[in-house]
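Chains as they are written, first to last, in my numbering: chain A, 56 to 330; chain S, 920 to 1242.
No wet-lab data here; the hints were simulated from the structure. This structure is a prediction, so every number in the text was calculated from the model and none was measured. Ideal Cβ placement from N, Cα and C applies to all residues, glycine included. Please note: incorrect hints may appear among the correct ones.
As the list claims (entries may be wrong) - Quick look at which bits of chain A chain S covers, simulated, 3 or more residues with Cβ under 8 Å:
#1 287-293
#2 312-323
As the list claims (entries may be wrong) - Negatives, chain A to chain S, calculated, CB over 10 Å:
#3 Glu88
#4 Ser90
#5 Glu120
#6 Lys130
#7 Asp157
#8 Leu178
#9 Arg201
#10 Gly213
#11 Gln227
#12 Asn250
#13 His268
#14 Asp269
#15 Leu270
#16 Arg274
#17 Val276
#18 Arg327
As the list claims (entries may be wrong) - Across the chosen pairs, the derived CB separations fall in these ranges:
#19 A/Arg126 with S/Glu1049: 40 to 50 Å
#20 A/Ala133 with S/Gly1186: 55 to 65 Å
#21 S/Gly1055 with A/Arg188: 50 to 60 Å
#22 S/Gly1179 with A/Ala170: 30 to 40 Å
#23 S/Asn1019 with A/Gly260: 46 to 56 Å
#24 A/Glu120 with S/Ala1040: 40 to 50 Å
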Amino acid sequence: MSEAAPRTAVPDTAALEVTGLCRTFGAVRAVDEVSFTLPAGGSLGIVGESGSGKTTTARIVVGLERADAGRVLVKGRARAGGARGRAERLARAREVQMVFQDPYLSLDPRTSVEAALRETLRLHFPGADHQARIKELLDQVGLGTRAAEALPRQLSGGQRQRVAIARALAVQPAVLVLDEAVAALDVSVQAQVLNLLADIRERTGIGYLFITHDLGVVRCVTDEVVVMRHGRIVEAGPTATVLDDPQHAYTRLLLESVPRPGWDPDRIAAARRAL
Amino acid sequence: MNALDVRELRLRLPGTARPVLDGVDLTVAPGETVALVGESGSGKSLTSRAALGLLPPGAVPTGEVLVDGRDVLTMDAARLRELRTGRAAMVFQDPRAAVNPLRRIGDFLTESVRLTGTMSAADADRRAVELLDAVGLGPELMRRYPGQLSGGMLQRVMIAAALMGDPVLLLADEPTTALDVTSQAEVIALLDRLRERFGTGLLFVTHDLGLAAAISDRVYVMYAGRIVESGPAEALFEGPRHPYTAALLSSTPRLDGPTGRLAAIDGQPPDLRQELTGCAFAARCRYATDLCREEAPALRPAPGRPGQPAACHHPLEGSPADV
Ligand SMILES: Nc1ncnc2c1ncn2[C@@H]1O[C@H](COP(=O)(O)OP(=O)(O)OP(=O)(O)O)[C@@H](O)[C@H]1O
Ligand code: SF4
Ligand SMILES: [Mg+2]
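Isolated chain A, as found in the complex:
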């Protein structure tokens, strides 16, 4: 697919550069020649339905999954392989952090928020005093001292997602990968977390790779977007352009599928079968 070809003239300051990523599971091409660039401090959305390859792409970027082919550069350096020693390995691990849909599963149920942050900081920055940094992180995500002493189960969904974000920020990553990170939250809490993420990006210049099925969320938090279907990128561009003037039939289908007054589910169902 020509749209997916590596772009030229990418400034070498890109937070993330993904080129020709492929991954096959059995007979399924989960990720097929996927390329995109996330500028430093930028926010890129990946949209598509379940099974379109979004999460596999994210997992490869984070290093939780290997690619059959392709390349992932973070701040111009190869992500996989070549790390010498523990310090360098940790430094690489730091560069890309991930926040999942259900923070509950990624938090230790027996560890308080503050202790979890301290543990992460100790691992990555041994020897330093972390009290001030912990306070700063909690402030940054809008958690008070009461929440700091709480165990994950004593927190609401929105608070837990804030903890997960604080922990990811603790190691000062270049890229934050958010996989359906606000999908399980109520609209009012979702709005709080989305605003928080916008504030953090403004302040820290961390780049976001935002994986979501919600086009309203994409419009709200990303500058650029790629649309994936069956493992491939079918359309890519500035978010406003793609959403206002979609070129690919699948992008149009996704847009029409968003419920709103006057919505015609019958037509969408027919369009889906035709595609």
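Model the placement of chain S with the ligands on the given structure of chain A, informed by the hints.
Here is chain S with the ligands on its own, set in the frame of chain A:
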């Protein structure tokens, strides 16, 4: 007669400081689609489950829940079983959790009507195949296992199962949350066709305002166990009267809304262990006054808008633009 008539439903749970449902009034007419929206914990599921007589252990209800004119709260076990296999049925959020993976789809579909003896095995099979066809699935599915079906297909099977007993009332609790957007459209289109064809009243529970606006005739908005506003979908979304409805609308990221920061609502809904005096939304409301904190507002219509009552001392009466 209404498919569903909930009157002054109040529900207390053990170990709580206030009723989890606090005087809920709600109706669904035959063939009508009604959305019940609200955030997590507001009491949507408790309300819809009450229509099947499904109450949490230790719950003490008062009020009335009439399905097709008969009060569910006073039914004995036999009557309730009859209700659940006949006049009222429910489609849940996660179809995988609601089926036994080791049993064939055909057995799953026909089980309840066979157990209650409402139909012979042959009639039940015939009805199941007919309903599979109505939800766009072939008769060969009768012999398949749940694991062989996609989430969207399985949800259609659940809808077919719900219709087996010819219900007058279908309760759908977030039936599309686990589905992709395009399969969501397919399931909604299907529910809508069936509602029209069978005249079933549909109570659709969702936290998605866009979806509620898109599919329903009327909407109820719930907050902390109370209905805070109700009305025709369009009127409610174009001109919300309750500050909570307005705040929910403006905190939803939309394709046609403004870009940039969302107008988030600060804080959280009140905890059940906390007693409430006055309006439950007061702590988060920018229009709150002393009156709001002292006296719970009753659900009242606006002059000239009889169909859109709101429970607020200072309802928004302006145009949607200045909310
Ligand atoms: N079986 C139960 N025992 C005790 N408390 C319960 C039980 N079921 C629900 N609750 C409580 O009742 C309140 C309302 O719950 P309900 O499930 O109706 O909310 P909801 O509006 O459906 O939320 P969601 O959007 O998360 O599904 C919550 O505070 C919940 O914790
Ligand atoms: S009654 Fe008062 S606090 Fe409650 S919603 Fe209305 S204005 Fe706000
Ligand atoms: Mg619920």
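Taking the hints in turn, this is what the structure says about them:
1. 287-293: violated (count 0)
2. 312-323: holds (count 10)
3. Glu88: holds, 23 Å
4. Ser90: holds, 24 Å
5. Glu120: holds, 22 Å
6. Lys130: holds, 28 Å
7. Asp157: holds, 14 Å
8. Leu178: Non-interface label stands for A/Leu178: nearest chain S Cβ at 32 Å, farther than 10 Å.
9. Arg201: holds, 13 Å
10. Gly213: violated, 8 Å
11. Gln227: Holds: least Cβ distance 24 Å, greater than 10 Å.
12. Asn250: The claim is violated: A/Asn250 sits with its nearest Cβ about 5 Å from chain S, within 10 Å.
13. His268: violated, 6 Å
14. Asp269: violated, 7 Å
15. Leu270: violated, 6 Å
16. Arg274: violated, 6 Å
17. Val276: Non-interface label fails for A/Val276: nearest chain S Cβ at 8 Å, not farther than 10 Å.
18. Arg327: Answer for A/Arg327: violated, closest chain S Cβ roughly 5 Å.
19. A/Arg126 with S/Glu1049: 40 to 50 Å: violated, 55 Å
20. A/Ala133 with S/Gly1186: 55 to 65 Å: For S/Gly1186 against A/Ala133, whose Cβ atoms are near 45 Å apart, the range 55 to 65 Å is violated.
21. S/Gly1055 with A/Arg188: 50 to 60 Å: holds, 56 Å
22. S/Gly1179 with A/Ala170: 30 to 40 Å: holds, 36 Å
23. S/Asn1019 with A/Gly260: 46 to 56 Å: holds, 52 Å
24. A/Glu120 with S/Ala1040: 40 to 50 Å: holds, 49 Å
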